[in-house]
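For this one, chain A is given, so just place chain B on it according to the hints.
Protein chains: 2
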Amino acid sequence: MISKNMKKLVENSSAIRAMFEEGAQLAKIYGAENVYDFSLGNPNVAAPESIKEAVIDVITNDDPLMLHGYMSNAGYEDVRNAIADSINRRFDTNFDASNIIMTVGAAGGLNVILKTLVDPGDTVLTFAPFFAEYINYVNNANGTLEAVPPVLENFMPDMDKFEQMIKPSTKAVIINNPNNPSGVVYPAEVIEKIAEILDKKQKEYGTSIYLISDEPYRELAYDGVEVPYLTKYYKNTVVGYSYSKSLSLPGDRIGYLVIPSEVDDYEEVFEGASVANRVLGFVNAPSLMQRVVAKCCDEKTDIDFYDGNRKILYNALQEYGFTCVKPQGAFYLFIKSPVADEREFCAAAKKHNVLLVQGRSFGCEGYVRLSYCVSRDTVVNSLPAFKALAEEYGLIK
Amino acid sequence: MISKNMKKLVENSSAIRAMFEEGAQLAKIYGAENVYDFSLGNPNVAAPESIKEAVIDVITNDDPLMLHGYMSNAGYEDVRNAIADSINRRFDTNFDASNIIMTVGAAGGLNVILKTLVDPGDTVLTFAPFFAEYINYVNNANGTLEAVPPVLENFMPDMDKFEQMIKPSTKAVIINNPNNPSGVVYPAEVIEKIAEILDKKQKEYGTSIYLISDEPYRELAYDGVEVPYLTKYYKNTVVGYSYSKSLSLPGDRIGYLVIPSEVDDYEEVFEGASVANRVLGFVNAPSLMQRVVAKCCDEKTDIDFYDGNRKILYNALQEYGFTCVKPQGAFYLFIKSPVADEREFCAAAKKHNVLLVQGRSFGCEGYVRLSYCVSRDTVVNSLPAFKALAEEYGLIK
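These protein sequences, in sequence, are chains A and B. For the first sequence, the working numbering gives the first residue as 115, with consecutive numbering after it. For the second sequence, the working numbering gives the first residue as 115, with consecutive numbering after it.
In short, the hints are calculated from the structure, not lab data. Quantities reported herein were computed from a predicted structural model and do not represent experimental measurements. Glycine included, every Cβ here is placed at the ideal spot set by N, Cα and C. Take these hints with a grain of salt, some might be off.
Said to hold, decoys possible - Covered stretches of chain B, going by a simulated chain A footprint (3 or more residues, C-beta under 8 Å):
#1 155–168
#2 206–212
#3 241–252
#4 356–366
#5 474–485
What the hints assert, rightly or not - Now the in silico label distances, taken between C-beta atoms and shown as ranges:
#6 A:Asp418 <-> B:Phe419: 50 to 58 Å
#7 A:Glu247 <-> B:Ala461: 43 to 51 Å
#8 B:Ile130 <-> A:Asp491: 53 to 61 Å
#9 A:Ala132 <-> B:Ala302: 37 to 45 Å
#10 B:Asp192 <-> A:Ala141: 16 to 24 Å
#11 B:Tyr144 <-> A:Asp206: 41 to 49 Å
#12 A:Tyr184 <-> B:Ile143: 23 to 31 Å
#13 B:Gly235 <-> A:Asn175: 47 to 55 Å
#14 A:Glu247 <-> B:Asp274: 41 to 49 Å
#15 B:Ala129 <-> A:Asp199: 31 to 39 Å
Only chain A is shown next, with the shape it has when bound in the complex (with noise of 0.2 Å):
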């Protein structure tokens, strides 16, 4: 009696939640020490210290009606001023409260701005591999998502398909950068390259093609590599951004998108993302932590910690005989199935108690992904069961 629609994604849903119990179930027998779940995507470094300092100042200091109250779908004026701030000092951007939103999360954002450009029948395009709550973020805007293919040997975006998948109804190109699942970082010059194919199509078609960027692991970032920030090399450039992996605020729903004012419609644009809050339901991003985050935005989680794991596990998958990108973000590697089917490969880690998602998840078959946001326990004790792994494939040489 439930929706078609939602039968479907039930269905899907029901799969990865069976994959979780066998995870439980794993745990029950060997003991959760000797399981490796590196199936989820959930920070395990805790927030910063002085969260909880804004939170015990905003909860004494501030006026309730003001801290629990309503305010304009947009957020605090005050907030989004001291956000554009921060962008402005690290990115030497020109931003001020009229270009900012507060969203319940990079989810909430990027469903707010899909809502507000995507009409039934409209195109979206984001590039292999992806986070595939995508396709139904697109979907709930009545659009389709297409996925551009990746170049293998690096992860960056196939250019000329790219180019070719571009039509005149596509409204809207997500990036994700640092990637999910792939863990690489797309250079400046890769988004130049993106910057320029999409002037020409939109010159060719006559329209605009907003390019939104989801950039909820922009500060895990390692090696000291540059993460472009995309509104300084394509004018049509919306960001959408989330506090839940820089701050460890995953569960409190906070995050803002940027809408430049030079975007086209600009006007339009901010003003339908703010009506989209509202009538998707947000009303607004959750206030007092809207109010958190402001006294906190400069703030960065412990990277090392990400970086200590991620040394660890790329070194070692390496040393195996793993074939896998070098991930310079996020908290994910993306290896390469040594059997052409990855779910075969998943169900040979699990005999080892090691857990793994299948590539085909993120529209990329016979990868897999590994999340490294784990404890460096769990990173260092599952090494004899990825070399075991590799000797069964034949890997180690």
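Then chain B, alone, in the frame of chain A:
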């Protein structure tokens, strides 16, 4: 360049904003204390002190990885149990965590359950006058909202019309009790009649018709009137609740759905709603606030304050000759316009610095809504303006 649907919504929203801006303009000219703004439904009683204590408690004592982390899309199990227990204590029901889904306010909850149930082309009914956002929420799920007209003497649903309007495509009926904007409370005998009609129609069509009870005003009931708990009257009831009014936390976006075990296809509906929470981009209700409301779910706001405003305004309006159904819930009065076109009356009121909302915004022409969630001074000082309006229209006997 924004979507056609959003373009219409933005135009609408600009009209409402224009009204607010006019109000701000009036405040500038005459002083805020001389403008009687009855247009907004924003609680003006501060959150109880126990909210502050609960926030400090959880931020001080809870593990930050748990407090700010992801949990099941349905919400923390212990929070859902605490809320189920509170409902059971107060309404003699028998729920547990498996019947509760924590949501981003009632607006989030309504979108979640509509996305779960509604297929494109389905219709959803509601009872006029009604909260206009229902139109958008049903549209988000690609359904169509139709409003059952009221009996104007008492603003109860016209039961004959209701029965006639139910079709095989009717997937759900939204009821808002106490009602915004009329302020009436639908009593047990009205609910029984609704249930009887729905049962009959379900049998006739062989369908399931879900009754969605939107209850943000449940605790705001006066004169000792009982607000029936609808799951006890009709099997296929889903309740949507928000702490916006009862704990004055509208900005924090925290509420829940109750999905009783006895609804048709309970497991699919519950699992569908959890998945809808995720795919719509809510993901989960704000985590810290989930833990806070679990500690305060038996608290109430200062109802006596609203009741005081209600009595002063209702009695004065009666005395001046206005027609208005006696409001026993929420914080609204729905006044009959002394002229057929209530927009004319709104304009006349504005000349006395009184801001009211036109009834057609709630699907009911010829009436205006007055929100009395304002300071006592605003209420008392506005009375001469209402008296002058009554004299202008020859209402004073």
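Status of the hints after comparison with the structure:
1. 155–168: Coverage by chain A holds for the stretch 155–168 of chain B (7 residues, Cβ < 8 Å).
2. 206–212: Per the Cβ count (0), the hint is violated.
3. 241–252: holds (count 3)
4. 356–366: holds (count 5)
5. 474–485: With 0 residues closer than 8 Å to chain A, the stretch 474–485 of chain B misses the three-residue bar; violated.
6. A:Asp418 <-> B:Phe419: 50 to 58 Å: Given about 52 Å between the Cβ atoms, the range holds.
7. A:Glu247 <-> B:Ala461: 43 to 51 Å: The hint (43 to 51 Å, Cβ to Cβ) holds, given that A:Glu247 and B:Ala461 are roughly 47 Å apart.
8. B:Ile130 <-> A:Asp491: 53 to 61 Å: holds, 56 Å
9. A:Ala132 <-> B:Ala302: 37 to 45 Å: holds, 44 Å
10. B:Asp192 <-> A:Ala141: 16 to 24 Å: Distance hint for B:Asp192, A:Ala141 holds at roughly 20 Å.
11. B:Tyr144 <-> A:Asp206: 41 to 49 Å: holds, 45 Å
12. A:Tyr184 <-> B:Ile143: 23 to 31 Å: Hint holds: Cβ distance 25 Å, inside 23 to 31 Å.
13. B:Gly235 <-> A:Asn175: 47 to 55 Å: holds, 52 Å
14. A:Glu247 <-> B:Asp274: 41 to 49 Å: holds, 46 Å
15. B:Ala129 <-> A:Asp199: 31 to 39 Å: For A:Asp199 against B:Ala129, whose Cβ atoms are near 33 Å apart, the range 31 to 39 Å holds.
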